[in-house]
Amino acid sequence: MRRKIARVLVLVASALTSLGAAPPLLAQQHGTDPVELDTGARIYSATCSVCHGPDGDQAGGVELKKGQFRHASNDDELARVIQNGIPGTAMPPHNIGSGNLVALVAYLHAMRDFKTKKVALGDARNGRGIFEGKGGCMACHRVNGKGSHLALDFSDVGSIRTPSYLEDALLDPQSADLPQHRFVRAVTRTGDVITGRRLNEDTLTLQIIDSKERLLSLTKAELKEYTIEKDSRMPSFRDKLTDSERADLIAYLVSLKGAANGGEGRGRGGRGQ
Amino acid sequence: MRFQRLALHAALLAGLLAALLALAGATLNAQVTNDRLLHAGREPQNWLTYSGSYSSQRYSTLDQITPGNVRNLEMKWVFQADSIQKMEATPIVVDGVMYVTQAPNDVVALDAGTGRIFWVYQYGVSPYARVCCGQVNRGLAIYGDTLFMGTIDAHLVALDAKNGRVLWDIQVADPKLGYSITQAPLVVKDKVVVGPAGGEYGIRGFFAAYDVATGKEAWRFYTVPGPGEPGNETWAGDSWKHGSAGSWVTGSYDPDLNLIYWGTSNPGPDWNPDVRTGDNLYSCSVVALDADTGKLKWHFQFTPNDSSDWDSAQVPVLADLDWNGNRRKAMLWANRNGFFYVLDRTTGKFMRGSPFVHQTWATGLDENGRPIRPPGTQPTVEGTKLYPGMQGGTNWYSPSWSPHTGLFYVAAWKDYYSYFSKLPTAYNEGQTYFGGATKSAVQPIRRGPINSWTDVAGHGEIIALDPFTGKEKWAFKMHDVTDSGILTTAAEVLFTGSREGYFWALDARTGTPLWHATTGGQISSTAITYMVDGKQYVAISANHAVFAFALR
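Top line first, the protein sequences correspond to chains W and E. Taking numbering that gives the first Met the number 0, the leading residue of the first sequence gets 0, the next gets one more, and so forth. Taking numbering that gives the first Met the number 0, the leading residue of the second sequence gets 0, the next gets one more, and so forth.
Keep in mind that the hints are not guaranteed to be accurate.
Okay, derived cross-link-like pairs now, SDA-like style, lysine to any residue, Cα gap no bigger than 25 Å in a straight line [stated by the list, open to error]:
no., chain 1, residue 1, chain 2, residue 2
1, E, K413, W, A220
2, W, K223, E, W514
3, W, K116, E, G382
4, W, K239, W, D122
5, E, K384, W, L177
6, W, K239, W, K223
7, E, K384, W, A175
Because the hints were derived from the structure by calculation, they are not lab data. These numbers come from a predicted model, not from an experiment.
Isolated chain E (complex conformation) (with noise of 0.2 Å):
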């Protein structure tokens, strides 16, 4: 009894800690430490990296807003970029105020109360810059009081938060080679890691680590093997030269392994896979490294010698779920190549994997988490139809991990189809190299009114999936494919946008809208939620704006 009490009041009193750590980290401007890094779970007004957290999962306790007074959202502020680009950018929040990138790489810092602009830190890009989608960035990253960015001409720039003056810039990749970065980095103890893309232009891509206070290279992971090092002999002849294998979606970190997991991209040429037989090793992969050393712990391949442009470039959810009795560190991750999978994220073992949509290009996967792929799969020249089209079941834009909920929430492109075509190609510097082309009925981007749809067009929807069995619990149905990402609460709301222009909120339960705004431009990316003087607020950029929204 007596043991009782006292367990209560240490609990109160490591309650009343908390709440007074956050309330510091709230009023004092406190750098954003590796602690804090490591336990951005602890303050929940903040969003402090591109997922919201180490383990990606983009839940956030933030309980204000509920489903029963979501409907009383309104908005409180509008940031209209300068650009016309869309915004793929997830902010961050720090401390009441929100760093976000407006296309192609200008820094932004705002009051995330009001909207009302600190400073802009404007990036020159090279004219030499080449990306296959778009003048895209997806975000930022933070330590100390130090930003950084990754560049569409392939630069890592370091910038003081307080005045977006730059700190250091350098050279990760040359441009004039196709290579890009759009993604947001992610800062590990005292190194900042990135990986560049260009999956479309025969990069050799890679990961690497710079010094958070110098920019110093401290390491660098060759996504695609050189002569000699293991994997080199999954490509034919010397394919591996233009392998591809970038990344642009940011990866995850578990500090108790003190592994990085990072997903990669295509191999190139895209479409003609007869250039580079072999598995294509670390082509369309979720890759394991040592955060201190860069060197790879384990790798998976989802798709091997992929021929339809399905990159791994998902974000890796780490989750820990009681499997058959044992607590396993787990990784949900839904594929562009339209299966579900959960691996072992310690050994990086297939658990179970099945597929979220119809697919027609694997027969199922086998024990090892490898798809059995039949005959005619393959891209011809004439085309070969296949489910999922190209886009994927999936792709970059954000699943959701609810350990409320133990519900795994993905954006699923559901009944599409492309025909992919191979044509013959050569490698040319800087040049596009993607070996065929593919069509579907389904328009890339959305400018003007969605009247061309039809019944084999596909859809979107947002899908919540069972990790252990990998059934779906709940769709929400949208008339039109979705490009955007999800966010959970612990208050049961899910967040998401959509290509229509809408922004959601589901009930995380059954899937049952709750509410919804028109932002009047296509959502291409997540929702983040954070809170300001006691304010909950859910912010969402569409097209080229960002809105921010809290209950009335």
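Pulled out of the complex, with its shape left as it was, chain W reads as follows (with noise of 0.2 Å):
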């Protein structure tokens, strides 16, 4: 598991204050917030995964993957080559905003983490029946305002989720349970059982979404007992799906990416995803 925990929560070792415009990354007080590479996600889907795509290897000669930039020796220069683009080349000027910008950079040094394998895209109208129906993978999802508030929003999934981890996901769901994704049991002092989805946890509170989508928080000192669970919730599709069903469940998947674009003014997405 933390092997799994580790290859998502890649640290970027980058100080970004390129002429004091962005608010730097943490150098002395690195780690990796993965809410802010799910933010990377979402911008690189939308700005650059068109030139190039999905995995960073689309651009005649640039492999984004392999963490080294031919006109960026560092991560100031980097985000300067992103800001600015570089003359005489397809690469165009991008106007994104520091805060993103580091999102950015901390996602495109996270790419090399990713793999590379080719996963078999199918059918996505085909899928979406999948999904909405022998799946039943709305008991606990929701896409465009159909299905479960339990587990995650998928409506923008395939902007932060490569088909080869959504594959992952399905035919092993424990590869891809993040830490953020962890149900609560709770026993209240009069025997109530309350269980949900954990949104925040501090020393003295839970805070989650309950099996009736509420929003719930419990102050564990009023608890009789409570348990992070250590294991996903979501049952594998290896034999419950053809190869065929699950290429069309991802093709549907990858295709959703969500209402907004994922540039500037679209924020940071939900907070507890």
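Fit chain to chain and form the complex, with the hints in mind.
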């Protein structure tokens, strides 16, 4: 599990202070914020993937996943290349705000650790049928206003997850289980059992969305017991779907790009997601 | 008998005089003289330096707020900074006026009883300012009627404390090369002492003293010795030129020994020690400097040839201990590298040391306090897992020593690791000089919900250490890690904050939580206490606001 976390929580050693414009990343205090990487993924999907492709290898001669950039030897320069473009090449300037620029640079570094395997994509329309029917996905997940709030909202999952990640998640859900998806089981003093997904936790309290889709704040001292579940509640679809059904479902998920674009002003997505 | 009565009378008279003096200080707005700075403990209604006194114990004799009544604390005022950068500053309080900085380098004078603003000074930061970790400032120094602030573009500014007008403004170092000042300066006699940060930019660190009246440089001590100076041989080739060893948390002063003590940061580049083989003096050390000349009296290096970014950017805490029957002038130091040290501050000799968190990078300390480092603990291209992680067992947030309980209190990160990896690197002027990267399951800063926590990520604790044994007397466990320092009082109340935004009062004897308030923002600072009109306040900055509490 730790290996999987490490794969996603890639730390970016950068201090982005180009002419004082951008709030710096944290060199003396770095770590990695998975939500920031999601923000970076959204910007990448909306801004960069048109030319560079989802895996960063479609623009001739450029392999973003290698983490080495011909026109940038450090993050300051990388940010400048993104902002100013590269004269004489197809790389145009981009007006990306400083916070999002930090997230995008973080994502570009994180791409190095993403898997490269090619995943078969089937028919997205069939995939939608599976998502809403046989797969039973909507019992927990939600797309464009339909389905449950209990697990993640997938309206823009195609912007933040690669096909290979989605395939892994379907075959081996534990591999895709991030700590921010953990479920909580709590027993109140009166013996009521509450289960739900953890949205937030501190020393004294827990905030969850429960199985009845209620936003609840629980005070730990008032609970008889509580456990943070270590395993994903997502079932494996290895034996539940055929290979072609799975390819259809992935094609559908990849097509979900969200209603708004991923650029400036979109906000940072649900922080609880 | 008669003698005893005389002594009693003398003691009463002395007490009365002290009380009168304190009252005079509170009402006459006397200037902050050297005598007042030397005896800051005599006027607990004020908070005159970053750490509260030259010994930096962050201990106050105010005792109005007790374990019995602390639950009656209520918020009296909030000051919302005109900045969205987090506040790491410790305010100073002088005779009812609080002086605090808001990012990047504004100074605000407030009424300490109401939070109302007297004046605001806004400093125009150079666009060339480079700071690794936020446009932060940790506070001010005062002498006479003059305030002193270091800036993130490496200037030192002197301001009139009555109106915020600039008296002088000097450039301490070149910001284009990555020099900055984030710490509060320290006034000693007629000099103001400060040093630059920039450990991520390949600077050459130093401490310098400036005349309080003119800003003229009186002395300078380079924390990386040049050719021909002792210690230069601990740097391979020309690596000393970009050896870093900056500083970013205020030092301490022992007036009897006339020594200034200050911790130094990591050597550069951070995570690739191959280019700077040797001990890399005086990085990751504490240096003791003659206050008048800046001459090095002694040094103690906690982490030779550091490759983990384990700055010794901690406040040197000066405490006098009865050590095996002898009174010893000691220095207490819980280091980012995970070990708790007791040093003799007269000589720099190691008295004892032991880990205060789980650590895997050393098998122990030798008789001189030098870590014994086994093979396989240096960064690799693939990454080497070490406890503690990059942020260390503790970091810059102030500890506290209570002479009352005899315990040393530390904000610790327990069971926390990082992977340290090294990369080839070259120095480029003004650019980051990392030579690697680290990764950990802990986020650098809290900006949203805390729901990514796992049992392997580690957590924060406030721990109480016995300086004689290094043993933990009690621990107060938090869910998240913490970036907040500690204040203790004579009433045995301990105040601390947390990333979670809770402002805690704990029982200093047992660690039992007594009270908390929700500030709604990450606390990255340390509380202070002071008194206005006979009422004891505790103030803490959280995110970008200062909150002041007092009893109902």
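Tested hints:
The straight-line distance between the Cα atoms of K413 of chain E and A220 of chain W is roughly 23 Å, inside the 25 Å bound, and the hint therefore holds. Taking the CA atoms of K223 of chain W and W514 of chain E, the gap is about 22 Å. The hint holds against a cut of 25 Å. Pair hint K116 of chain W plus G382 of chain E holds up; C-alpha atoms about 24 Å apart against a cutoff of 25 Å. With a C-alpha separation of about 18 Å, the suggested pairing of K239 of chain W with D122 of chain W holds against the 25 Å cut-off.
Restraint check for K384 of chain E and L177 of chain W: satisfied, since their Cα atoms lie roughly 21 Å apart, inside the 25 Å limit. Restraint check for K239 of chain W and K223 of chain W: the C-alpha separation of about 37 Å exceeds 25 Å, so the hint is violated. Restraint check: the Cα-Cα separation between K384 of chain E and A175 of chain W comes to about 23 Å, which is no more than 25 Å; the hinted pair holds.
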